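Protein sequences, first through last, are from chains R and D. The letter at position 198 of the first sequence is residue 198 when you use our numbering, and the numbering goes up by one with no holes. Basically our numbering = 1-based index in the second sequence + 1000.
Derived by calculation from the structure, the hints in this document are not laboratory data. Among these hints, one or two may not hold up.
Said to hold, decoys possible - In silico EDC-like cross-links for lysine to aspartate or glutamate, where the CA-CA straight-line distance does not exceed 20 Å:
| no. | chain 1 | residue 1 | chain 2 | residue 2 |
| --- | --- | --- | --- | --- |
| 1 | D | K1181 | R | E103 |
| 2 | R | K50 | R | E25 |
| 3 | R | K194 | R | E170 |
| 4 | R | K234 | R | D26 |
| 5 | R | K94 | R | E170 |
| 6 | D | K1181 | R | E120 |
For clarity, every value in this text was computed on a predicted model and none was experimentally measured.
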Amino acid sequence: MGAIGTEARPAQAMAPPPDWVLVVEDLGKRFDTPDGAVTAVDGVSFGVRKGEFLSVIGPSGCGKTTVFNIVGGLEPGYQGRVRIGGEEVRGPHKSIGMVFQEESTFPWRTVLENVSFPLEVAGVARAERHQRARRFISLVGLAGFENRYPSELSGGMRQRVAIARTLAFEPTILLMDEPFAALDEQTRLILGDKVLQIQQELAQTTLLITHNITEAVQLSDRIVVMTFRPGRVKRIVEIDLPRPRTSEIVGSEAFGRYVAQVWNDLREEATRGMAESEIGALSRRP
Amino acid sequence: MPAARDLSGVAGAPSGSGRVAAIRIAIILVVVALWEAASASGWFYRDVIPSLLTVGRALAVLAVNRDFYWHLVVSLMEVGQALAIGGGLGIAIGLALGGSRFLSRAFERYLYYLGPTPKIIFFPVMIMWFGVGPASKVALGALSCFFPIALSVAAGMRQIDPVLIRVGRSFHASPMQMAAKIHLPAMREPILNGVRLGFGVAIIGTLLAETKLSNAGIGYLIMQAYAVFDMPRMYAMLIVLFALAIAANELVGRYAGVHAVSGS
Ligand SMILES: Nc1ncnc2c1ncn2[C@@H]1O[C@H](COP(=O)(O)OP(=O)(O)O)[C@@H](O)[C@H]1O
Ligand SMILES: [Mg+2]
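Work the whole structure out from these sequences, hints included.
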């Protein structure tokens, strides 16, 4: 049916495969800075299949957050296209839920009120939204903290509140920008399992931005490796590990091979990233 | 959030706050002693510095005077209306200026120019527009508190963490929902600080207007007492005003400080 739908559309150049729910085509973005224009991303294209878990990995400053914001419809003024379900979108799309890299809980709301926020905005009645929010609060392991304020929680717990809040929106496409960066390794592995479990349950398509190789291999079906400045797609690695998957897989030999392979691609870019920031620091020295 | 932590830190420092209280009480005692000494010295013209005992007696007389309460209510109503009108406009204009770089660049400079101008110079105009009754006092009070409130709301809006705005947009909040659920709560402290400043200048504007031309209100009573050189009565009324201003300030301050008031 999907295929027929695509064919019925007026002729489009290179229609993407019909099972790709999210497609980015040739994304480009330049920022004007006091030091001149910076090309953050350049010609980035990839597609995410329905129900797929896709990660975008790259060194710091390679344009991952820029891609994240463009896909989420929050970054104006870019080149290229974002398509969801075949249609080009500009601006936030109803099927996308976003988890931000920065601290993003509302400090004036309790955990329960934070997680209820998207439901409140959608006009869900108070009792029902609290009930639905509680489910996601316990999914991220914060049961018992419903009435705490973010200032009373650790950074890792606040990030879990932000994840629960976006899950409560029940998006069919989940976008996450380094959501586990503030967490310690153990919590990260366990929360990764939880996210995979929820993804299965809600049949979500997930786009994860990360700089953590273990995390990317643990969770993903495919990994998009980006180059450093300008951000381009260097390679797309297929992770052929069995599903359903848990963090136990981290110890396996196949897992180790994938980590080595991704690191091999990434090492060069990370080295370049480090060198450039050092050169930048040197040239800025008076 | 850091603000909330700081507050709890301050509350949890009993030794420091004890010393602060001691110093405050000492200051009051010194002022009282100096005042009494000046009063007893006879260096000042007649009743210019009356003994605190006479002021206390005048205060007691005021406390049982029904006319005084009527005038007090007139003044409070004027200040309240001034704050509602000037504050409401100030918040609305502040939100517009803080939300639009264009509007801010086009108009905000004028607010900074007009802000420190003594508003009493507009009083003759207000009398022509609104008459000699309470309306012209309300207008002057509203004009006075509009500027600090508008400017602090505009500044507060610009210091909102931009990621919170993106969170709201990513969940498709409407502009009204953004304002009510994100902008206003995120700006709670700057808004309340603006209201605090605004409240002070609303009192000043309103009462100053009453002292110039009126037939009701505390400002009017003070000028009457001054005209017949009843200094104890005048000081008694100043003390009442002072106490009311402190009480109102404490109230706003407490509301600004406790970050959990809006909780479920
Ligand atoms: N708003 C902005 N203004 C100017 N430069 C920006 C802005 N956002 C990002 N950049 C630049 O674009 C590049 C990519 O940034 P970003 O997408 O945040 O990278 P990443 O998320 O991979 O660390 C960086 O060099 C950064 O300095
Ligand atoms: Mg980033």
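The hints, checked one at a time:
1. D:K1181 <-> R:E103: Since the Cα atoms of K1181 of chain D and E103 of chain R sit roughly 18 Å apart, the hinted pair holds (cutoff 20 Å).
2. R:K50 <-> R:E25: holds (17 Å)
3. R:K194 <-> R:E170: Holds: K194 of chain R and E170 of chain R sit about 15 Å apart, inside 20 Å.
4. R:K234 <-> R:D26: Since the Cα atoms of K234 of chain R and D26 of chain R sit roughly 14 Å apart, the hinted pair holds (cutoff 20 Å).
5. R:K94 <-> R:E170: Roughly 10 Å between the alpha carbons, so the hint for K94 of chain R and E170 of chain R holds.
6. D:K1181 <-> R:E120: Since the Cα atoms of K1181 of chain D and E120 of chain R sit roughly 10 Å apart, the hinted pair holds (cutoff 20 Å).
Comparing the model with each earlier hint shows no violations; every hint is respected.
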